[in-house]
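Read top to bottom, the protein sequences are chains A, B, C and D.
With the first letter of the first sequence counted as 1, position 7 gets the number -2 in the working numbering; the numbers rise by one all the way through.
For the working numbering, add 75 to where a residue sits in the second sequence, where the first one is 1.
For the working numbering, add 39 to where a residue sits in the third sequence, where the first one is 1.
With the first letter of the fourth sequence counted as 1, position 223 gets the number 220 in the working numbering; the numbers rise by one all the way through.
Do not take every clue at face value.
[To be verified] Label pairs and their calculated CB-CB ranges:
| id | chain 1 | residue 1 | chain 2 | residue 2 | range |
| --- | --- | --- | --- | --- | --- |
| 1 | D | G412 | B | R104 | 50 to 60 Å |
| 2 | C | K206 | A | P179 | 19 to 29 Å |
| 3 | C | G209 | A | L100 | 36 to 46 Å |
| 4 | C | W168 | A | I282 | 27 to 37 Å |
| 5 | A | L100 | B | R104 | 33 to 43 Å |
| 6 | B | R104 | D | G491 | 48 to 58 Å |
[As the list claims (entries may be wrong)] BS3-like mimics (lysine-lysine), calculated; alpha carbons at most 25 Å apart, straight line:
| id | chain 1 | residue 1 | chain 2 | residue 2 |
| --- | --- | --- | --- | --- |
| 7 | B | K90 | C | K320 |
| 8 | A | K239 | B | K145 |
| 9 | C | K162 | C | K172 |
| 10 | A | K206 | B | K179 |
| 11 | D | K293 | D | K321 |
| 12 | B | K145 | D | K293 |
| 13 | A | K105 | C | K224 |
| 14 | B | K111 | A | K203 |
Keep in mind that the hints were calculated from the coordinates and are not lab data.
Predicted model, so just to flag it, every value in this text is computed and none were measured.
Yeah, the Cβ is synthetic: ideal placement off N, Cα and C, and Gly gets one too.
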Amino acid sequence: MSQNVVVIGGGPAGIEASRRLRDLGYTPILVEKQPVLGGHLARWDRLFPDGVEARTVLGPMLQDLDGIKYFTDTEISSINRLKDTWVVMLSNGLSAQVRAILLTTGFDLFKAEKKEEYGYGIYERVITNADLEDWFKAGAAPQFDHVHTIGFVHCVGSRDEKAGNRQCSKVCCVTAVKQACEFKEKYPDVTVYCFYMDLRMFGRKFEDLYLKAQKDYGIRFVRGRVSEVSEDLDGHLFVKAEDTLFGKPMKIKMDLLVLMAGMAPAAGTSDLARMTNISVGDDGFFVPSSIVDAPCSSSREGIFFAGTATGPKTIPETLSEAAAAAMAIDRYLKTPAKR
Amino acid sequence: MIDFGYGLTPSATLKIENVQNPLFEELHRREPDVAKCIACGSCTASCSAGVFTEMSLRRVILSLQRGREKETLPMLRHCMLCGKCLLVCPRGINTRHLILSIGKVYGPDGLKEEADR
Amino acid sequence: MIYQGKQRIWSEYQKEIPTDHWFYVRSCIRQSFFPASEKTFLEILRQRLGKDVYETPHHTTCGGIAYHSEAIPQETMMTIIARQFALMTEAGYENYVCSCITSFGLYSEVIEDWREFPELEAKIRENLWKATKREFKIPTYLAHASDLIYKFRNEIAEQAKFRLVNKATGEPLRVVEHIGCHYSKMFPSKGVGGAEYPYVLAGMVESWGGEVIDYPERRHCCGFGFRQYLVRANRGYSVSNTHKKFESMEPFKPDMIITNCPGCPYFLDRWQYVIAEQTGKTYGQDGYGIPVFTYEEVAGLVLGYDPWDLGLQTHQVAVEPLLDKMGIPYKPEDKYKGLNGKELQRPEFPMNIKCC
Amino acid sequence: MKERILAAYDPFVLPFVFGMTFVLGYCLIALVRVLVQLKPADRQKFALSLITPSAIARNVRDLFCDCLFHVKLWKRNKVLGYMHASIAFGWFMIIVIGHIETILYIPERLHKLYYPIFFRYFMEEQNQTLQGSFFFFLMDFFLLVILSGITIAIIKRFRSRIVGMRRTTRLTLPDLIGLYSLWAIFPLRWIAEGFTAGVAGGSFMTIPINWLLRNFMSNPQNFTLAWWLYSLALGTFLTVLPFTRYMHIPAEILLIPMRNAGLPVRHTRKGFTLAMLYACPSCGVCIDACPMGVQKKNVQDATVYMVRSLRRRNQRRSLVNAEKCLMCGKCAALCQVQLDACGIRLAYRTAQEKKNNRLPADFSYLAAVAPRQVGEDKVLYYAGCMSSLTPVISRSVQKVLEAAGIDWEMMDKDGSICCGRPLMLSGRQEEARQLIEKNRKLIEDSGAQVLLVSCAICYRIFKEQYGLIGVEVMHYTEYFNQLIAEGRLKLENGHETLVYHDPCDLGRGCGIYDAPRQALAAVGQLVPAPKERKESICCGGSVGSLTLRYEDREPITRGSVENLTANNPEQIVTACPLCLKTLSRYAPVPVRDFAEILADHLEP
């Protein structure tokens, strides 16, 4: 009977790693807290930089699950070390004794309502990048029709001590520019603003996207962090930010504001860390044994990571890390267990 | 009105209620590359006039976008059109044509009539 | 505005305010700005609500004005505050309530400092002992006077004779609540409802029938700021801030403003006169300004106290239009009479803002 | 010799007479307009040059060489040269001989405009007599010459590549009419004279045609028909001439003396410029010459279309054309009529700026810049704005000067006041004048004898506009070459294969071609480029173009690099900071500055 591997987290990292493990002859036991597999990717409409449909990435993965035992709506009740194996108790009563566990617990979207001064959940016209992706997926959204001016606020819950996340979430800048272009494609005569501190368009073809946003879509980039948002009598938003390049505070009347919520550590991270007593960084993400040359292995034997469980990553990085983790597990399982 | 020895200081905030800026739109029509500016300041750093005055093309472009041209257009008059900014611009903007176009679009009394263009 | 959104925030910032046995310290300047506020506060708590609120004549300023204007160093200020706590300990109380927002901010700051730097506390203890031979304990609970009124807002509502409702139209009065910056901006967790949407005044307004307005500049500073208004050269900066707030609230047509700090009501009230005299513009209906009240005055009005006993005649902006809206009876002729009915002559009225 | 028609008149001459009077009238009015539009000073200068013997000699020589023999075109393209020369000179000789015959045989008819042209029809000349046969022979000879030119013209029209022309100009309707009527004239003359050959006399051309078409020629009605057709063809050609490219025939006669008088281009459409606009033959040489031609979309901005849009007063097209041009001067250098293409476009830009620019420059801050004391024994080195972005140049120049033991002082060490040429090229002449005045004062006050310049752009304006007194302006290619010649600069030859790119303003602009090549020969082995010296292809980075976008400059630069590396040199050498920066972006081999390569080959 081929060896089992418990994979905790059914996002793109978990699914991809499970498929690879299956191909290597193992039987992955994929556990997903949510009722459906796919993680955040299931919610996105199109992906940067070229706008490829998320469906076309996730679809094939979801159709290739035979040979993988996956349990949705299931949580981890407990994990204990038994000699050189891990005994994992699931909330649906099942338990598994395995030599390797793969943590693909991913991230949680930063709760934008925590940034009270931006008024998410208080002003109707303030939404998050996730809400915007939902509305893009649902096709034209009625509330957008009377929108003349829209703003994208970068670094919401990222690079912000007060929001409890000093780190940069890496993907929100390029996502904001992508969404700005998509919005402008749908509503060409809308004026689009992007409020950024440092526009981190680090990846391949990201700078082209930025140039296209400026040249073809006329998106206006304001270098200044939004300080507060307020609502006037008839529900329009007043967004305040300083144009630090021009050295003047600005107050712009807008019809819609999109908060680029960053990546916060997944809720269950601390519990899992406690159960397996592996360490969690001060940023709340799991700490790999070496961030440089062993990002997939943990400080404990048999525990492996993949994806945004160890920090913000793009989808391609997550998928490649999933494959790397599968290889690491395979190599680990092939070495004879030390007595 | 009573003079209290102090008064209301006008707000420095740029209030952008409607986002139309006809002069900038006309400038953008003549030189679309102005939208590509990422305000990196290479032009200002290498500016020949910048050695002797506070000329800064970066500030000029930004002030035009914000509709505050009155503050920076006097500075633009120091430009010798030597073309160094054109050479160093990382975005490949034709800065010289931009400066020439600004001279035609802005200036003391705003937009020229389209007729005699 | 999604109301549930605000409620969710409020739920995260609820404070467990003790119900009784308070050691009360007054503000340095509130009696001179709004004479009856503190008297009304004590009267409501003691007579109307039967609470034990002790006040010793030996207590002094908290040193805030001097400290914020950089006239005295932090150590001196802390020793003064230590003496206040000593008075409280000697009086046998543990719940400390102060009438002034700046004090509340200062007390919170000092307690936080001592918690963070115990050696600083030890030094201050030594200073106090050397200076006054007194010992002190840190209050188990520090509250601001408005916290208490907020705590008992419903009890007050029960005894209310009037409600914050426009008698003629039955519509709730449109109320702008302005929270003193030192109340929750320095320590959000110390303020009821947090920093963005403090609920301490909103709670009172809602339980007394009014409707809270959220205008864009609601969290902007009222322009007080010791360093601003003390120095004449800076006063322009101070009145400009107030002007910004009024320009922002104007479209919402507020009926009144409720505040909980010594500076805010004074400046929001007086600067309306200066703005009117300088620019000719008033923000209330038909030439009057928007009346500004402290929460004690509003509580007093709701409980049916006589407006002139609440000291409303010392306001710059006429309160009569609001009293008429609420249907509160008052004798206009007594407005400028002293305690024993002696005529104090009507002060000279400003040109651009109507007074009664 | 007797007159066949005593009345010396026949209705068939009317089309020709009408055409001739029309064209002469038109040219006369045009001449008057041009002269009136000249500024008084220019007019005086022109009048003066018409009477000074040396100028007259030069005018006559140019008239013959350019108008008749097209020597310039011959040097460039043998076939085209012959075609033009044959038609022009042949036609000229036919007219002259026609008049000589009239003078000799029947001088009293000379006053009749048409008589010499249709001499054969009116006079019964016999080829028996020695004189007659001589004239017959001469006339037929030149007819043959013209016909040979016409046949080449027809071939060129349909297969321009055979004639070595990649692209020719799009012809307008009037041009086509003029062209076909021009083609028709001489064959018809040939046939017409064939008739008279049968009756009176003829020579080796006219007699055979008479024999060949004897049944056609035997019918007397055809006799007058042939002459009618001949006159009609002439009439159409002459009537339509002023509105076609053939206006260059009369116009060039006026243009050459005006050019030799050295008149400046002042206006976009008046005076000297108007003469030039008329004189443009729309030959299309400038289309192939223009470096921007690498992109098809730029072909419409060649000088021929600039002339056309100016003549048609098409402001929109003229502005786009005027602002896009690189001002490299190649079209002007190769133009058969030596049209000052850059001058016209600069005049257009100047007019535009004067009319539309409402942000006048404020160079008051220049007053504070103090001159740098240098004294006679030091060379004053002016690196120019661009050189601060190519430090290798100023560093190498200093190294070479030190090696040659020359004491120097750098004028713009901490920030340069621009030489003014980019500002002038943008059309802001008076503002450029302010920079020029300030720089001139700084240079003259410095007391230096020699102003050394390492930028071709600055060098040209220092030479042309500054009028420096007591200061010799030298481009570092000239100066270093002189130092080598004087033996003060010792170099060792590295024998690398080099190709030298002539910067437009240095080569075409100031005529410096050989100095750099001689100097480079001392350090490496020069490899020629297919197109160089006067035909060097602009690097594409010129600040002369106001509107060229960055992406559109790349193909131009690649075209220039391709030409330079045709004979695969190991290195490209140029003598201008702008060319250096632009070429090195796309060149497959290292691009080095003139001083840099010299500095690397200094004898230890």
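Quiz item: Can the suggested window of 27 to 37 Å be confirmed for the beta-carbon pair W168/C and I282/A?
Solution: violated, 54 Å
Quiz item: Does the Cβ pair G412/D, R104/B satisfy 50 to 60 Å?
Solution: Cβ of G412/D to Cβ of R104/B: about 35 Å, so the range 50 to 60 Å is violated.
Quiz item: Per the hint of 19 to 29 Å, is the separation of the Cβ atoms of K206/C and P179/A within bounds?
Solution: With Cβ atoms ~53 Å apart, the hint is violated.
Quiz prompt | Hinted pair K145/B and K293/D, Cα distance within 25 Å | solution = Cα-Cα ~42 Å, so violated.
Practice problem: Below or equal to 25 Å on CA atoms is what counts here, so check K111/B against K203/A. | Solution: OK: K111/B and K203/A at ~9 Å, within 25 Å.
Quiz item: G209/C and L100/A, beta-carbon distance inside 36 to 46 Å?
Solution: Once the Cβ atoms are compared, 45 Å apart, the range 36 to 46 Å for L100/A and G209/C holds.
Self-check item: K206/A paired with K179/B [C-alpha distance capped at 25 Å]
Solution: holds, 22 Å
Exercise. Kindly confirm whether 48 to 58 Å is satisfied by the beta carbon distance between R104/B and G491/D.
Key: 53 Å Cβ-Cβ, so the 48 to 58 Å window holds.
Quiz item: Under the criterion that the straight-line Cα-Cα distance not exceed 25 Å, is the pair K105/A, K224/C satisfied?
Solution: holds, 16 Å
Quiz item: Are L100/A and R104/B spaced within 33 to 43 Å by their CB atoms?
Solution: holds, 41 Å
Quiz item: Between K239/A and K145/B, does the CA-CA distance stay at or below 25 Å?
Solution: Judged against 25 Å, a Cα distance of about 14 Å means the pair holds.
Practice problem: Mind checking the alpha carbons of K90/B and K320/C for me, to see if they're no more than 25 Å apart? | Solution: holds, 21 Å
Hints 1, 2, 4, 12 from the earlier list are contradicted by this structure; the remaining hints agree with it.
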